[in-house]
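Asks: Sequence:
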Amino acid sequence: MTQKIMMPPSDSFILPDAIAEAVAAGRLPHATLLVGPSRATMTAARYLAKALLCEDTTCPCGRCSACIRFQAGTQTDFFEVGGESIKTADIEAMQRWLSVRGHSGKKVYTLYGAHQMTGVAANRILKTLEEPQPGVYALLTATARQSVLSTIQSRCTVYPIAEPGVSAHTDVQVIPLLEDAMKETENHSFDGFINKMIKWVQMWLVDGTQALILAAQWQMICEEVSAADSLTLLVEYLRDILHTRVGQSNIRFQDWESHMKRVAPILEVRQWSRAIEIVLDSRQRVESHVATLLNFEQMCIRLREVLPDV
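Under the working numbering, think of the first position of the sequence shown as 198, with each following residue one higher.
Just so you know, these hints were derived from the structure itself, not from any lab.
Certain hints may be false.
Below are the DMTMM-like pairs computed for lysine to aspartate or glutamate, each with C-alpha atoms no more than 25 Å apart in a straight line [unchecked claim]:
hint, residue 1, residue 2
1, Lys393, Glu494
2, Lys303, Glu327
3, Lys396, Glu328
4, Lys303, Glu328
5, Lys393, Asp478
6, Lys458, Asp214
7, Lys324, Glu277
8, Lys458, Glu420
9, Lys303, Asp214
10, Lys396, Glu420
11, Lys458, Glu484
12, Lys324, Glu289
13, Lys303, Asp253
Simulated DEER-style distance windows between Cβ atoms [unchecked claim]:
hint, residue 1, residue 2, range
14, Val487, Gly302, 14 to 24 Å
15, Gln451, Thr285, 14 to 24 Å
16, Arg260, Gly302, 13 to 23 Å
Glycine residues also receive a C-beta, built at the ideal position from the N, C-alpha and C atoms.
Please model the entire structure based on the sequences and the hints provided.
Replies: Below you can see the structure in the form of structure tokens.
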């Protein structure tokens with residue numbers, strides 16, 4: 198059955214167009230990780246679960262028996278757990294629920310706070326995520342992708358979820374950095390940094406510049422700005438490109454929106470997410486005192502591998 202998903206109320210959360218299109222086409226991945234503020238991701242997960250189980254062609258309709266059961270809390274094809282933490286017992290209960298035949302041919306489970314999942318619980322769910330049953334959808338939430346175990350991340354398609362009027366980011370320290378980089382301040386270390394960063398992104402994505410040259414160029418960019426700060430700002434810019442890619446409009450680098458719109462289609466959502474993950478890992482290596490140029494070289498080699506046909 199072809200479905201069209203209804204957009205949620207504008208004051209609750211921002212649903213990326215890519216998710217709506219995937220639901221409408223019946224191609225929503227079996228495991229989805231929603232990243233953003235806890236309230237927004239939890240609301241989005243429940244909305245998607247209700248839409249997936251809806252029996253109408255426009256979902257969630259709120260009128261069919263599946264929607265009525267969902268609203269009443271008696272929808273047996275829906276399972277949710279988490280919030281403060283997700284323990285092994287929670288995963289075991291979910292797996293027992295999965296073993297019982299559903300009523301509608303679909304089953305949806307939500308795990309709120311995947312970044313707070315215990316190690317044992319995470320290991321227990323891996324096989325379930327690796328070998329999904331037909332018609333079963335997993336919706337996981339987290340406040341930050343990098344806080345979720347890489348083994349969980351690799352088995353999910355990641356979508357950013359934001360609250361209306363709030364730019365989605367995960368780093369508190371990014372706010373003063375953005376103010377220095379984007380406004381006229383007394384900190385002249387950031388003079389021209391964004392334009393240099395955008396030129397570097399162009400070299401990586403479009404010009405086919407070799408990894409070692411990219412690394413040397415980024416090191417030159419960092420002559421005034423610290424390596425950690427430069428990578429923090431690069432992460433934020435790549436996140437804005439990702440948000441542009443999925444149809445979100447709440448971006449921070451609005452003056453450079455035309456560039457983001459040009460480059461966003463070059464990579465798929467999962468590739469942009471991977472690029473962000475690589476830069477975040479490089480920033481963590483800076484904090485571990487890995488040699489700067491070596492760190493940048495490894496980052497650029499991995500970023501080149503993200504590109505199509507490389």
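Asks: Within a Cα-Cα threshold of 25 Å, do Lys324 and Glu289 meet the stated pairing?
Replies: 12 Å, holds
Asks: CB of Arg260 to CB of Gly302, is that within 13 to 23 Å?
Replies: At 20 Å between Cβs, range holds.
Asks: Regarding the pair Lys303 and Asp214, is the alpha-carbon distance no greater than 25 Å?
Replies: 23 Å, holds
Asks: Would you mind confirming whether the straight-line C-alpha gap from Lys303 to Glu327 stays at or under 25 Å?
Replies: Holds - the C-alpha atoms of Glu327 and Lys303 are around 18 Å apart, at most 25 Å.
Asks: Tell me if the straight-line CA distance from Lys396 to Glu420 falls inside 25 Å.
Replies: Cα-Cα ~16 Å, so holds.
Asks: Against the range 14 to 24 Å, how does the distance between the Cβ atoms of Gln451 and Thr285 compare: consistent or not?
Replies: Since Gln451 and Thr285 have Cβ atoms about 45 Å apart, the given range 14 to 24 Å is violated.
Asks: Quickly compare the C-alpha distance for Lys393 and Glu494 to 25 Å and report which way the hint goes.
Replies: Holds, because 18 Å separates the two Cα atoms, which is no more than 25 Å.
Asks: Sort out whether Glu277 lies within 25 Å of Lys324, counting only the CA atoms.
Replies: Measuring from Cα to Cα gives roughly 19 Å; hence the hint holds.
Asks: Under the criterion that the straight-line Cα-Cα distance not exceed 25 Å, is the pair Lys458, Asp214 satisfied?
Replies: 15 Å, holds
Asks: Do the alpha carbons of Lys458 and Glu420 lie within 25 Å of each other, as the hint requires?
Replies: Not OK: Lys458 and Glu420 at ~29 Å, beyond 25 Å, violated.
Asks: Does the structure keep Lys393 and Asp478 at a Cα separation of 25 Å or less?
Replies: Answer holds: Lys393 to Asp478 is near 22 Å, not above 25 Å.
Asks: Measure nothing beyond the straight line between the CA atoms of Lys458 and Glu484; if it is 25 Å or shorter, mark the hint as holding.
Replies: Violated - the C-alpha atoms of Glu484 and Lys458 are around 32 Å apart, more than 25 Å.
Of the numbered hints listed earlier, those contradicted by the structure are 3, 8, 11, 14 and 15.
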